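**Q** Protein chains in written order, with our numbering: chain A, 1 to 444; chain B, 1 to 187.
Quick caveat, the hints were computed from the structure, so don't treat them as lab data.
Any given hint could turn out to be false.
[As the list claims (entries may be wrong)] Pair ranges (Cβ atoms, derived):
1) S65/B / D26/A: 48 to 56 Å
2) A42/B / I63/A: 43 to 51 Å
3) D345/A / K86/B: 21 to 29 Å
4) I58/A / K145/B: 47 to 55 Å
[As the list claims (entries may be wrong)] Cut-off 30 Å, straight-line C-alpha distance, at most; resulting in silico cross-link-like pairs (DSSO-like, lysine-lysine):
5) K30/A / K54/B
6) K143/B / K17/A
7) K74/B / K30/A
8) K60/B / K30/A
9) K60/B / K74/B
10) K86/B / K40/A
11) K311/A / K435/A
12) K40/A / K143/B
Fair warning: this is a prediction, and the values are worked out from it, not measured in the lab.
Virtual Cβ for every residue (Gly too), placed ideally from N, Cα, C.
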Amino acid sequence: MKTKKQNINLRELFSQKLEYAEVMPDASIKSNLMRRVARKEFMRFNPARLNIYYIGGILIAGITTAVLLFSASKATGRLNPSGPNDNLFKTDTNSYIEIQVKQPVRKEPGKSKPIRNESMRNISVFIPPAKVNPEVSKVKDSPKGSISFPPGINNPLSKNGLFVESIADKKKLQSGFKSVAFLIDPHVSVGCAPLKLRFHNKSTSYDSCRWTFGDGGYSNEKDPEWIFDVEGDYKVVLQVFNRNGESLSSTAVVTVHPRPQAHFEITPEKAVLPNDEIHFLNYSTNAVKFKWDFGDGITSDFYEPSHTYTKFSNYDVRLMVISDWGCSDSLVVLNAFSGSEYFIDFPNAFIPNAQGPTGGYYSLKSDEAAQVFHPSYSGVTDYHLKIFSKLGITIFESTDINLGWDGYNKGQLCEPGVYIWKVRGKYRNGEPFIKMGDVTLLKN
Amino acid sequence: MMSDQQIIELCSRHDRKAQQVLYDKYSRLLLGVCLRYATDKAEAEDILQDSFLKIFFSIKDFKGSGSFIGWIRKVAVNTAITHYHKNLKYRYHIEIEEYESIETGVTSFEEDFYTSDELYKVLNELPTGYRMVFNLYAVEGYKHKEIAEMMGIDINTSKSQYSRAKAVIRDKLEKLGKLKSSYSDLI
Chain A
1 MKTKKQNINL RELFSQKLEY AEVMPDASIK SNLMRRVARK EFMRFNPARL
51 NIYYIGGILI AGITTAVLLF SASKATGRLN PSGPNDNLFK TDTNSYIEIQ
101 VKQPVRKEPG KSKPIRNESM RNISVFIPPA KVNPEVSKVK DSPKGSISFP
151 PGINNPLSKN GLFVESIADK KKLQSGFKSV AFLIDPHVSV GCAPLKLRFH
201 NKSTSYDSCR WTFGDGGYSN EKDPEWIFDV EGDYKVVLQV FNRNGESLSS
251 TAVVTVHPRP QAHFEITPEK AVLPNDEIHF LNYSTNAVKF KWDFGDGITS
301 DFYEPSHTYT KFSNYDVRLM VISDWGCSDS LVVLNAFSGS EYFIDFPNAF
351 IPNAQGPTGG YYSLKSDEAA QVFHPSYSGV TDYHLKIFSK LGITIFESTD
401 INLGWDGYNK GQLCEPGVYI WKVRGKYRNG EPFIKMGDVT LLKN
Chain B
1 MMSDQQIIEL CSRHDRKAQQ VLYDKYSRLL LGVCLRYATD KAEAEDILQD
51 SFLKIFFSIK DFKGSGSFIG WIRKVAVNTA ITHYHKNLKY RYHIEIEEYE
101 SIETGVTSFE EDFYTSDELY KVLNELPTGY RMVFNLYAVE GYKHKEIAEM
151 MGIDINTSKS QYSRAKAVIR DKLEKLGKLK SSYSDLI
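Build the full structure now, drawing on both the sequences and the hints.
**A** See the structure below:
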């Protein structure tokens with residue numbers, strides 16, 4: 001067997017044997033591959049062949065056409081007014097009122113020749129909006145049998161003579177309007193958002209009416225109620241129609257002021273009553289006047305007051321805010337200090353000062369090195385701390401919570417090791433506490 | 001029989017027939033390449049399919065400079081590397097015991113003692129990282145610097161993986177050799 005003895009190294013072995021080695025793939029691989037090629041080919045944009053891009057394009061075109069057709073049919077539907085209640089009437093921000101008076105074709109031919117020729121007529125009337133509102137409200141009862149407009153509307157109309165053709169001949173208008181007016185009392189037409197108003201249509205001798213409220217809403221009720229949610233000036237228009245398709249209108253302006261928002265925070269978050277001075281942080285918006293009620297009978301008009309309570313209790317804190325326009329809002333925090341916590345906790349180790357007794361008085365800042373054994377606490381009134389050695393001998397005692405143990409006993413530094421502590425006392429709310437534990441005295 | 005030139009021309013126009021001819025002509029050679037980089041034949045065939053997809057859809061990029069075989073081999077090798085990177089997170093990280101990379105034991109081999117099937121098997125059993133580097137260096141003839149760039153690894157990693165791969169292969173070949181000679185002794 002070992003006739004051909006040609007020794008080569010590992011690298012040569014593999015490169016010579018395997019570099020051009022051929023392995024027969026499974027027959028299924030080819031069909032699988034060609035299927036994948038076909039799929040990928042289909043996804044590739046190819047102008048010569050129908051593929052996914054064309055199908056997608058056709059779909060999009062189809063959908064677009066359908067949508068366009070649909071909206072077009074909707075639009076044409078709108079163009080054909082179905083009755084006098086449809087939008088014959090438009091207002092814009094410049095207080096121009098455009099009135100389309102649709103003249104019915106009359107049966108008596110001789111009397112209304114000029115009208116017959118023009119069945120549609122556009123009439124533009126300028127109405128100063130400031131005057132409209134108060135004057136409209138004055139017109140309460142119009143004499144029956146005559147055509148009467150609110151003065152603000154009537155004057156420009158007659159001056160311009162625009163209505164002459166359509167309504168000057170009183171005899172023709174026996175079934176026409178007797179009076180057009182709607183009333184909004186001036187004092188309710190200004191208010192704070194959301195403003196709810198009821199409108200009264202005091203017109204007589206009409207067949208249908210339509211209110212447009214200037215915020216996109218409308219109503220066909222006689223006396224509708226409407227809520228204005230957003231601040232702003234709204235032009236409210238009442239149109240009345242008679243059977244002949246004639247219409248008249250009247251307007252009023254409703255002013256909606258923004259409502260302020262009362263918002264505040266109490267700090268410190270976990271205040272301890274009655275010790276802590278409480279600060280109230282004011283986050284109210286749109287407000288100029290503030291009325292605080294701290295819940296203990298004391299009030300304040302300051303923007304951000306501070307207050308100290310005289311005893312522990314549950315208090316509701318109220319803030320009422322008032323805006324420039326007299327709009328108000330209020331916020332109540334019920335039981336504002338329920339989050340206050342009373343606690344007393346001791347550490348389990350400390351490192352006394354090796355240079356000599358420190359006396360044991362501490363503050364949170366001065367004792368960063370943990371040289372004094374003392375509690376962290378809140379709301380503690382009565383306090384009695386005792387520390388025992390392992391033999392049970394009392395080596396330290398304190399009834400002053402500000403006086404901790406410095407690790408010395410009779411001027412001598414105590415041995416490092418474990419000591420037992422016991423504390424008893426009362427929290428400010430009267431609840432007693434007893435705690436005990438051990439503390440390790442570490443050597444510096 | 002179409003020439004390579006004709007096949008390339010037709011394939012660049014996405015001719016389905018030419019693609020099949022190309023596959024029939026080179027699939028065995030490319031599978032031979034892919035199998036060196038895979039753990040088994042199934043994986044090799046996956047790589048083979050991906051390689052052919054790449055070849056079919058980017059045959060326009062073959063400039064005609066250099067050999068076509070060299071180009072498709074390179075595509076297959078790159079696909080294998082992509083495959084390795086893609087599957088890296090799914091593989092268990094097989095850390096074999098540290099092989100001393102000292103050149104001990106057998107350093108020379110008889111060329112015809114091992115069949116190519118046996119050599120494939122040895123490669124397939126290698127940890128994937130070792131296999132990649134060993135193939136790229138020993139068979140494809142890339143430099144460690146190039147391998148480091150292709151694999152996205154450190155150049156020293158490439159070197160140490162190669163020497164470890166060699167040690168593992170040598171070990172395996174030795175065992176296989178003993179087995180084979182005992183077998184042939186029996187005959």
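**Q** Determine for every hint whether it applies to the structure shown.
**A** Going down the list of hints, with the structure as the test:
The beta-carbon spacing between S65/B and D26/A, approximately 34 Å, falls outside the hinted interval of 48 to 56 Å. Judged by the Cβ atoms, the range 43 to 51 Å given for A42/B and I63/A holds: they are separated by roughly 44 Å. A C-beta distance of roughly 56 Å is found between D345/A and K86/B, which places it outside the suggested range of 21 to 29 Å. Under the hint 47 to 55 Å, the C-beta atoms of I58/A and K145/B, about 53 Å apart, fit the expected range.
Among the hinted pairs, K30/A with K54/B is consistent with the structure: their alpha-carbon atoms are about 15 Å apart, no more than 30 Å. Between K143/B and K17/A the alpha-carbon distance is near 20 Å, which keeps this suggested pair within the 30 Å criterion. Of the supplied pair hints, the one linking K74/B and K30/A holds, its CA atoms being roughly 20 Å apart against a limit of 30 Å. Note on K60/B and K30/A: the hinted pairing holds, with a Cα-Cα distance of about 22 Å set against a maximum of 30 Å.
Using a Cα cut-off of 30 Å, the hinted pair K60/B and K74/B holds, with the two alpha carbons roughly 15 Å apart. Distance check on the hinted pair: K86/B and K40/A sit about 20 Å apart at the alpha-carbon level, within 30 Å; holds. Restraint check: the Cα-Cα separation between K311/A and K435/A comes to about 26 Å, which is no more than 30 Å; the hinted pair holds. As the CA atoms of K40/A and K143/B are separated by approximately 35 Å, the hinted pair breaks the 30 Å bound.
Of the numbered hints stated above, those contradicted by the structure are hints 1, 3 and 12, listed in ascending order.
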